[in-house]
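Residues per chain are reported as follows:
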Amino acid sequence: AQSVTQPDIHITVSEGASLELRCNYSYGATPYLFWYVQSPGQGLQLLLKYFSGDTLVQGIKGFEAEFKRSQSSFNLRKPSVHWSDAAEYFCAVGAYTDKLIFGTGTRLQVFP
Amino acid sequence: EPEVTQTPSHQVTQMGQEVILRCVPISNHLYFYWYRQILGQKVEFLVSFYNNEISEKSEIFDDQFSVERPDGSNFTLKIRSTKLEDSAMYFCASSGGTGLSDTQYFGPGTRLTVL
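As you go down the protein sequences, you meet chains X and W in turn. Residue numbers for the first sequence follow our numbering, beginning at 1368 and rising by one. Residue numbers for the second sequence follow our numbering, beginning at 159 and rising by one.
Please keep in mind that the hints were generated in silico from the structure rather than gathered at the bench. Treat the hints loosely; a few may be bogus.
Claimed, not checked - Result set (BS3-like, lysine-lysine): computed pairs, CA atoms no more than 25 Å apart in a straight line:
#, chain 1, residue 1, chain 2, residue 2
1, W, Lys241, W, Lys200
2, X, Lys1416, W, Lys200
3, W, Lys200, X, Lys1435
4, W, Lys200, X, Lys1428
5, W, Lys215, W, Lys200
6, X, Lys1428, X, Lys1416
7, W, Lys215, W, Lys241
8, X, Lys1416, X, Lys1435
9, W, Lys215, W, Lys236
Remember, it's a predicted structure, so these values are computed and weren't measured experimentally.
Work out the full structure: start from the sequences and follow the hints.
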C-alpha cells in the first residue's frame, strides 16, 4: 500500500535551533518525494522535491532534505530555525503525474 | 511567477445545495487535480483530470462530485448536494506533464462550510 508517515505530530523548537522533520514512505514504484509547507489559513507551498540524482536536495527558505532509499525516508532539515518557519509541514510522495499521497503533517512551533 | 488561483476563497452553503468551486490552473499546464483537507486532517486526493477526462478518482469522489474544464482556462469542481461532511478546504493543483521532473503547484484553496 502507498503511504506516507510523519511520526511527529507536533514539534517545538527554539529560534536558532536546528530542526529535523521525519518522513517515511511506502511506494511501489520509484518515488518522487516532496515537502510542502502550509501557514495558517494558507495554501500549500512547495519547499523542495526529489526525483533522482543527488540524494541531498536544497529547497527554499534554507531547507534541505535527504533521500535514503534503504530507510524509505525523506527527512527535512534546517540548521537554524526562524520564528517565521512556524507552520504545518507535509511530506508527500507521487510519481510523474500521479496523485500525491500526503502524510498527516507536522506542526512546527518556534519559541523566541 | 505563474500561479494557480481559486475562487471563492470561502464559500458558505446550506446542506443539500449545489456548489461550484473554481480554479484557474497555470496556463501551459496539462494535468489538473482537486484535493481536500478536512480541518486538522491530512490533504486527500479527490480527482485528476487530463485531456478533458478524469484520469483517476478516489473513493471520496462519488456521484455527488463532478469536474469540468468548461473553457481553456477554468477547471471546476461541482458538488451536487452538499453534506455537512463536505466541509473542508479544497485545493486545486496543476502540473505541466512535460517531463519526469513534474511538480504539482497548488492554489490557495477554497474553504467550504456546509451548514
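Here is how each hint holds up against the structure:
no., hint, in the structure
1, W:Lys241 to W:Lys200, "holds, 20 Å"
2, X:Lys1416 to W:Lys200, "holds, 19 Å"
3, W:Lys200 to X:Lys1435, "holds, 24 Å"
4, W:Lys200 to X:Lys1428, "holds, 23 Å"
5, W:Lys215 to W:Lys200, "holds, 17 Å"
6, X:Lys1428 to X:Lys1416, "holds, 14 Å"
7, W:Lys215 to W:Lys241, "holds, 19 Å"
8, X:Lys1416 to X:Lys1435, "holds, 14 Å"
9, W:Lys215 to W:Lys236, "holds, 14 Å"
Checked against the numbered hints above, the structure breaks none of them.
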